[in-house]
Amino acid sequence: MLEISNLLNEDLILLDLEAEDCEDAIKKMSSKLIEKGYVKESYKQAILKREQTFPTGLDTGEIKIAIPHTDSTHVIKPGILVAKLKNEIEFKDMGNPSNRLKIKMVFMLAVKDPKAQVPVLTKLMGIFSDQEGIKKIYESKTEKELLNSILNTIDSKK
Amino acid sequence: MKKIVVACGSGVATSQTIASKIDSMLQDEGIKASVEAVDIKSLDNIIDQVDVYVKIVSGPTNYDIPTINGIPFLTGMGRDAEFEKLKEYLK
Chain A
1 MLEISNLLNE DLILLDLEAE DCEDAIKKMS SKLIEKGYVK ESYKQAILKR
51 EQTFPTGLDT GEIKIAIPHT DSTHVIKPGI LVAKLKNEIE FKDMGNPSNR
101 LKIKMVFMLA VKDPKAQVPV LTKLMGIFSD QEGIKKIYES KTEKELLNSI
151 LNTIDSKK
Chain B
1 MKKIVVACGS GVATSQTIAS KIDSMLQDEG IKASVEAVDI KSLDNIIDQV
51 DVYVKIVSGP TNYDIPTING IPFLTGMGRD AEFEKLKEYL K
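One line per chain: the protein sequences are A and B, in this order. Okay, so the first sequence: first residue is 1 according to full-length UniProt numbering, each after it adds one. Okay, so the second sequence: first residue is 1 according to full-length UniProt numbering, each after it adds one.
Just chain A, same shape as in the assembly (with noise of 0.2 Å):
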C-alpha cells in the first residue's frame, strides 16, 4: 500500500522560498517537480492554469495553506512538494474565488493514480484541520525537522 513516506521526502521540501506572487510560486515549485523527475513539462502550465479556474487557498486559521495540483496525465510519479514560503502570498480561496488568502505554505500534489492515493491524501489533509499540528511544522527549521514534524503529526492521529 502507498504511504505517505513514500510520497514526501527531504529532496521535496523547499524552506523560506521567496516568490512575488502566487503564479511565481507556482512556477517555481513545478520547475522543481520537473527537475526532480516527478512531472512532465507540460504540468507547469496544466497546473498554473487550473489554479485560476479552481483555486486552491485553504482558511485553515493562522497558518493558511493552499494545495495547488492537475491532472495525473502530467505526472510521471506521484509526490508531495512542500513549500513553507519566505513571505506570505496570496491565493485565492478555493470555496470563494473573490475572496483572497494569505498562504504561509504550500503543498503541490503530484497525483498520479487518484484511487491509490486517497488514504494517503486523506491523511495528508487530517493535518490540516490540526492548528497546533501545522504551527509545529510551520515553525521547522530544517528540512529533515519539517518532514518529521509532517510524519509525527499524521501519525498522532492514528
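By construction, these hints were calculated from the structure, which means they are not laboratory data. Remember, it's a predicted structure, so these values are computed and weren't measured experimentally. Glycine is no exception: its CB is placed at the ideal position from the N, C-alpha and C atoms. Any given hint could be a false lead.
[Claimed, not checked] A few chain A residues that don't get close to chain B, going by computed Cβ distances all over 12 Å: (1) 5; (2) 9; (3) 24; (4) 32; (5) 77; (6) 142; (7) 144.
[Said to hold, decoys possible] Stretch-level coverage of chain B by chain A, calculated; a stretch enters the list once three of its residues show a Cβ under 8 Å from a Cβ in chain A: (8) 11-23; (9) 71-85.
Dock chain B against chain A, hints included.
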C-alpha cells in the same frame, strides 16, 4: 440508498479526499449512503440522481438540490455544522 456527490475541478485530489472523509464519518455513525467524487464537468449529467451535493468550487450553476459546503471537511473549520446538515438531508 441516498447518493452523495462531491465535485471538484478535476476529480483527482480534493473531491476524492473529501468523499473519503465523509464516507468514514458516516460509517462511524452507522449511516449508509453512497459517496462519490466526480469532476465538476460531469456533474450536470448525474445531478438528477443525486440526493445531496457537496460543493467545493463555485460551479457555473447552482442546483436545486440539498447542498452542503465541502471545504470544512478539509480544513476542519465548521465541519460539525456541515456534517449535521448532511445528516438531516439524509434522513
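Tested hints:
{"no.": "1", "hint": "5", "result": "holds (18 Å)"}
{"no.": "2", "hint": "9", "result": "holds (19 Å)"}
{"no.": "3", "hint": "24", "result": "holds (21 Å)"}
{"no.": "4", "hint": "32", "result": "holds (19 Å)"}
{"no.": "5", "hint": "77", "result": "holds (15 Å)"}
{"no.": "6", "hint": "142", "result": "holds (27 Å)"}
{"no.": "7", "hint": "144", "result": "holds (26 Å)"}
{"no.": "8", "hint": "11-23", "result": "holds (count 8)"}
{"no.": "9", "hint": "71-85", "result": "holds (count 6)"}
Of the numbered hints stated above, none is contradicted by the structure.
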